[in-house]
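Q: Between the sequences and the hints, there should be enough to build the whole structure, so can you do that?
Chains as they are written, first to last, in this note's numbering: chain P, 58 to 362; chain X, 58 to 362; chain A, 197 to 451; chain E, 197 to 451.
Just so you know, the hints here were simulated from the structure itself, not pulled from any lab data. In this text the structure is predicted, and so the values were computed from the model without any measurement. Be a bit skeptical, because a hint or two may be false.
In the DSS-like style, the derived pairs of lysine-lysine whose C-alpha atoms are separated by at most 30 Å in a straight line are [as the list claims (entries may be wrong)]:
| id | chain 1 | residue 1 | chain 2 | residue 2 |
| --- | --- | --- | --- | --- |
| 1 | P | LYS262 | X | LYS334 |
| 2 | E | LYS208 | A | LYS273 |
| 3 | X | LYS170 | X | LYS262 |
Covered stretches of chain P, going by a simulated chain X footprint (3 or more residues, C-beta under 8 Å) [unchecked claim]:
| id | stretch |
| --- | --- |
| 4 | 115-127 |
| 5 | 153-164 |
| 6 | 248-257 |
| 7 | 279-291 |
| 8 | 352-360 |
Backbone N, C-alpha and C define an ideal beta-carbon position, used for all residues, glycine too.
The lines below spell out each chain.
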Amino acid sequence: MGSLEVDIAGLKMKNPVTTASGTYGSGKEYSDLIDINRLGAICVKTVTLKPMSGNPPPRLWETPSGMLNSIGLQNDGVEAFIDNDLPFLSKQDIPVIVSIAGTSIDDFSRLAKMLSAQSDIDALELNISCPNAKVGGMIFGSDEKLAAEVVSKTKMASTKPLIVKLTPNTGDISAIARACERAGADGLSLINTVYGMSVEVDTLKPRLGSIVGGLSGPAIKPIAVRMVWEVAKVVNIPIIGMGGILTAEDALEFIIAGASGVAVGTANFIDPQAPIKIIDGMNKFLEKHGVSSIQDLVGALKIDS
Amino acid sequence: MGSLEVDIAGLKMKNPVTTASGTYGSGKEYSDLIDINRLGAICVKTVTLKPMSGNPPPRLWETPSGMLNSIGLQNDGVEAFIDNDLPFLSKQDIPVIVSIAGTSIDDFSRLAKMLSAQSDIDALELNISCPNAKVGGMIFGSDEKLAAEVVSKTKMASTKPLIVKLTPNTGDISAIARACERAGADGLSLINTVYGMSVEVDTLKPRLGSIVGGLSGPAIKPIAVRMVWEVAKVVNIPIIGMGGILTAEDALEFIIAGASGVAVGTANFIDPQAPIKIIDGMNKFLEKHGVSSIQDLVGALKIDS
Amino acid sequence: MHQITARVVENKEITRDIFRLTLFAPAVARESKPGQFVHLQCGVNQSYILRRPFSVHQTVGVDAFDVLIRVVGDGTKWLAARRPKDSVNLIGPLGRGFTIGAELKRALIVAGGMGVAPLVFLALKLAEEKVKVYTVMGAASKDQLLDFMDLKRLTRKIAVSTDDGSQGHKGLVTDILGKEIEEADPDVVFACGPLAMLRAVAGISRRYSTSCQMSLEARMACGVGACLGCTVGAKDNYLKVCSDGPVFDTQELGW
Amino acid sequence: MHQITARVVENKEITRDIFRLTLFAPAVARESKPGQFVHLQCGVNQSYILRRPFSVHQTVGVDAFDVLIRVVGDGTKWLAARRPKDSVNLIGPLGRGFTIGAELKRALIVAGGMGVAPLVFLALKLAEEKVKVYTVMGAASKDQLLDFMDLKRLTRKIAVSTDDGSQGHKGLVTDILGKEIEEADPDVVFACGPLAMLRAVAGISRRYSTSCQMSLEARMACGVGACLGCTVGAKDNYLKVCSDGPVFDTQELGW
Ligand SMILES: Cc1cc2nc3c(=O)[nH]c(=O)nc-3n(C[C@H](O)[C@H](O)[C@H](O)COP(=O)(O)OP(=O)(O)OC[C@H]3O[C@@H](n4cnc5c(N)ncnc54)[C@H](O)[C@@H]3O)c2cc1C
Ligand SMILES: Cc1cc2nc3c(=O)[nH]c(=O)nc-3n(C[C@H](O)[C@H](O)[C@H](O)COP(=O)(O)OP(=O)(O)OC[C@H]3O[C@@H](n4cnc5c(N)ncnc54)[C@H](O)[C@@H]3O)c2cc1C
Ligand SMILES: Cc1cc2nc3c(=O)[nH]c(=O)nc-3n(C[C@H](O)[C@H](O)[C@H](O)COP(=O)(O)O)c2cc1C
Ligand SMILES: Cc1cc2nc3c(=O)[nH]c(=O)nc-3n(C[C@H](O)[C@H](O)[C@H](O)COP(=O)(O)O)c2cc1C
Ligand code: FES
Ligand code: FES
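A: As structure tokens, this is what we get:
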């Protein structure tokens with residue numbers, strides 16, 4: 058049997074599958090339905106320094122093979138996270154990635170410092186790509202200089218591996234990726250949701266309380282795979298790929314395009330067993346093709362020339 | 058009964074529905090299946106100065122609620138278009154929009170001049186957004202300065218209304234839109250396809266001969282509606298909206314978000330009757346809601362504040 | 197909470213476009229409480245991707261349960277087409293149901309349209325607990341008064357309104373609610389139905405200083421409290437309909 | 197060319213995972229020529245959106261026609277589940293079929309696997325035109341030799357190969373093709389089957405200086421020549437499988 062083990066930015070994962078921030082709460086919510094210890098890692102909902110109430114409802118709308126959300130980083134703040142959510146995660150036997158966002162570079166540094174003090178946290182994910190909140194959000198993620206600055210400052214404040222989550226809502230994701238790498242990012246994750254909106258024609262109203270939201274799910278998979286491929290060509294740090302992954306085959310598309318790990322987001326809503334099925338499917342794929350390690354598939358895309 | 062008439066950049070259309078360039082050939086291909094004279098206008102496949110052979114096959118791949126294409130602007134060149142395709146269009150009773158692309162600003166000017174001499178052509182669509190060809194393509198469409206330059210030069214060479222087609226593969230489509238408006242564009246059309254790719258995992262090969270292609274269809278509709286809404290807020294020239302329109306309701310989403318016209322692309326492949334059904338559905342909508350003109354719905358999005 | 201691929205036992209169109217779907221799922225049937233719901237996957241390879249939530253309508257023996265489904269879109273159309281031996285993937289039971297206090301003596305149930313779905317199950321439970329139950333029920337017309345006979349059997353008095361006057365009071369449930377509250381003098385009002393009705397029921401209950409629990413609806417993604425997508429605005433925060441609810445005390449909501 | 201919502205007359209699983217779907221569509225049945233195809237919409241609200249192309253297998257009377265369908269993915273699965281009285285939206289007949297020259301005296305048909313689909317119709321037409329027909333046919337195994345009896349009836353000689361040797365030569369169709377060309381001395385070879393087979397058939401035909409027409413496959417979007425998505429590389433340009441083909445003379449392709 059082939060090995061699914063990967064090392065992403067110093068995170069030793071028994072398989073490449075983690076959860077996408079914001080789709081899995083703190084893991085507890087799904088722990089009745091799947092054995093979360095089978096995951097390669099868990100990435101929790103983005104936390105901010107202070108509690109945030111999030112955007113006005115409605116916050117969800119379904120679109121063809123996808124969904125729009127406008128949650129807006131609702132969370133109880135980092136202290137509540139440490140007190141209420143971390144104890145559960147500490148008891149699990151998998152690496153924990155905590156996603157953080159802030160309004161200012163100072164916010165990020167303070168979050169990184171507070172969370173670095175927690176031994177049960179294995180890595181930080183810098184969410185500079187949330188399309189749904191004034192806080193944190195995309196300002197940092199769509200400007201090379203700002204991205205570099207927030208990454209290097211956060212890196213200084215942190216003792217944990219730093220994964221930077223990129224937004225697809227930019228003209229040149231490779232440039233941002235390179236800037237983050239140069240600024241000291243240990244890994245990248247992509248993609249966050251794609252800006253989108255929908256209108257209820259009979260009432261002339263937007264379907265979301267905040268008008269615009271983030272598109273996720275199978276609809277965006279081709280965009281996400283393409284971005285992973287583009288970014289993988291220009292950086293040397295590992296990538297966690299995500300965007301519409303439902304099956305092992307979907308996950309392998311990302312890996313072959315250049316991702317070392319994958320995150321499952323919207324698929325959890327469709328089928329909570331999805332991450333497990335993906336892990337099992339990856340095992341079968343290695344076996345079928347006689348591949349000894351999933352790492353041999355990372356970036357293995359064959360291009361005629 | 059309400060009126061569907063619209064005037065887009067001087068183009069008098071009996072309804073807001075046109076075809077999306079590249080999905081309808083020169084109209085002849087579909088004329089056995091629908092009465093193309095019912096359309097508000099027809100927009101033909103992009104033509105270039107010289108014949109282009111296009112990209113290597115495979116050129117199509119289906120994705121969840123969408124499709125990738127990498128046609129690469131295959132066409133027989135502008136002279137063949139004028140000789141072989143235009144005579145058929147001349148016999149029709151609807152406005153004809155000809156989409157043009159080039160490698161250099163000079164190409165665009167020459168095309169504009171040649172086509173302006175044809176009395177049966179009613180408008181030009183400047184395709185500065187094709188993700189599938191080195192020619193023409195996105196270089197112009199993702200840089201404000203270049204976009205402005207190609208628009209103003211083409212405008213000078215042209216006596217026809219000039220519609221500029223924008224790419225979604227940019228961080229700030231509003232900025233490009235504004236640049237085009239300032240440079241003299243009479244209208245805008247958006248969106249072209251979104252860069253995407255897909256991998257055949259068993260062979261490790263890209264699904265498309267040119268690796269990356271353009272994503273179209275319902276999957277991208279939320280992205281397209283959002284971009285129309287963003288652009289409509291900042292320009293005063295009319296917009297033709299497109300991207301995943303299958304039904305009258307889809308079309309109305311674009312109109313309410315700010316488009317004066319809509320183009321039907323991928324939907325033609327699914328159901329050649331789609332444009333007709335959309336026109337009929339718009340009529341019913343006006344009737345149901347007692348709206349006297351479709352123009353009253355343009356940009357009518359209701360936002361709580 | 198379980199995820200189960202449940203076999204369809206029966207699927208019956210009980211009135212135009214309303215189906216009673218019976219699913220074999222022992223663990224869910226045993227653990228469900230009135231007001232809880234199940235999250236149903238309505239097909240695969242569909243262009244819509246999310247599950248759809250449905251109240252547990254009633255348990256059938258110890259191994260199966262019913263949902264009442266009104267066909268309103270693609271997902272419910274898919275469910276309506278299920279036949280015995282087909283299967284449906286479900287997650288449940290989910291959410292917080294109705295709270296039946298130990299002291300509860302008298303209760304008034306208010307059902308509007310499809311809102312009746314979780315209320316028969318509730319009435320049964322209340323009857324078991326020896327609570328005196330009164331019901332006020334409204335629908336568009338007589339043939340849309342679902343479960344009328346069941347509720348009638350389980351309650352001391354059932355008052356009815358229909359939009360078209362084909363049975364009972366012609367008008368809204370809320371037209372007659374005050375009078376019924378006065379008569380029944382309930383410790384609590386339990387309501388489910390359209391949002392506008394629930395808002396009105398909350399107001400009327402408050403006027404009579406009667407506590408009130410109501411089951412809300414919201415678009416859902418996860419159904420288990422993980423995505424924060426289904427929130428409803430409460431007094432000074434947002435509550436999750438799927439896991440803080442779907443049943444809320446009107447006081448929590450600040451209604 | 198028509199777009200029709202055709203009623204399903206019959207849908208029969210003729211061997212494991214292969215269905216013969218009969219559709220009522222008089223105009224299409226009347227106008228179809230061997231080698232042409234129909235473009236079928238395989239459901240609505242599916243996550244896949246495009247139509248799927250299928251060769252016209254045979255006309256049934258004057259009002260209906262058959263397609264042979266091998267279930268390979270979601271679209272064909274959907275078609276396999278159609279029942280009489282269901283309907284299927286189709287566009288057809290499409291493309292350029294086989295060209296039967298006025299001078300044609302002797303023809304050899306080469307069918308590989310599902311490639312047999314358009315060839316019975318062709319054999320019938322050739323028989324009508326008094327052309328002497330010979331057939332070489334290959335499949336994975338005996339039970340996959342579709343339409344064997346029909347082709348046998350319509351041809352002077354039928355030579356068979358199977359991958360597993362369960363009938364005829366054990367091996368590939370192309371192993372025995374040369375010998376059969378020598379024997380039949382055809383004016384033209386008509387072939388349909390997997391790409392690798394077609395490539396080999398083209399080479400063998402060229403060696404015998406026999407002209408050769410073959411039906412190609414490609415992913416399609418429009419099916420009517422509008423999108424340029426289904427092209428195949430020819431000598432120095434790209435040809436559209438849907439409207440320049442699907443049947444090509446190997447000379448056009450430069451094969
Ligand atoms: C806790 C809960 C319990 C429910 N119990 C029942 C029940 O017992 N019986 C029943 O018939 N329905 C019930 N519903 C509503 C049911 O979930 C929706 O009717 C269903 O999701 C519609 O799916 P669709 O694909 O057919 O329609 P869609 O095409 O998705 O939508 C059609 C219409 O239904 C509305 N709708 C869709 N989803 C929801 C939703 N989650 N909540 C409210 N409205 C929605 C839409 O706004 C639209 O107007 C319940 C909803 C919730 C939240
Ligand atoms: C002109 C023409 C005539 C055809 N005639 C027949 C026929 O008579 N009977 C029959 O069973 N099939 C025929 N095919 C193939 C048929 O169109 C595909 O099998 C079908 O589209 C698969 O759809 P799906 O959704 O089930 O599979 P998908 O899930 O889309 O794909 C499953 C597999 O089928 C392959 N495939 C998909 N679409 C095509 C396509 N357009 N061409 C070639 N391979 C494809 C894929 O590469 C994949 O390996 C024909 C194809 C063409 C182009
Ligand atoms: C409901 C929802 C909430 C999300 N919240 C967050 C978040 O808090 N932080 C973050 O970095 N990404 C968030 N995302 C983005 C996902 O982590 C992921 O990047 C995106 O959904 C694409 O993956 P998917 O298609 O598999 O869902 C959220 C996505 C969804 C659908
Ligand atoms: C097969 C195909 C070919 C296309 N060719 C062109 C083209 O030549 N010129 C152009 O401006 N856009 C081209 N497009 C983009 C469409 O005009 C349209 O902008 C896009 O497909 C989004 O609309 P849709 O989702 O309705 O298809 C093409 C799209 C497809 C699917
Ligand atoms: S539906 Fe996800 S939190 Fe309620
Ligand atoms: S499928 Fe569109 S040109 Fe052939």
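Q: Please list, smallest to largest, the hint numbers that this structure does not respect.
A: 3, 5
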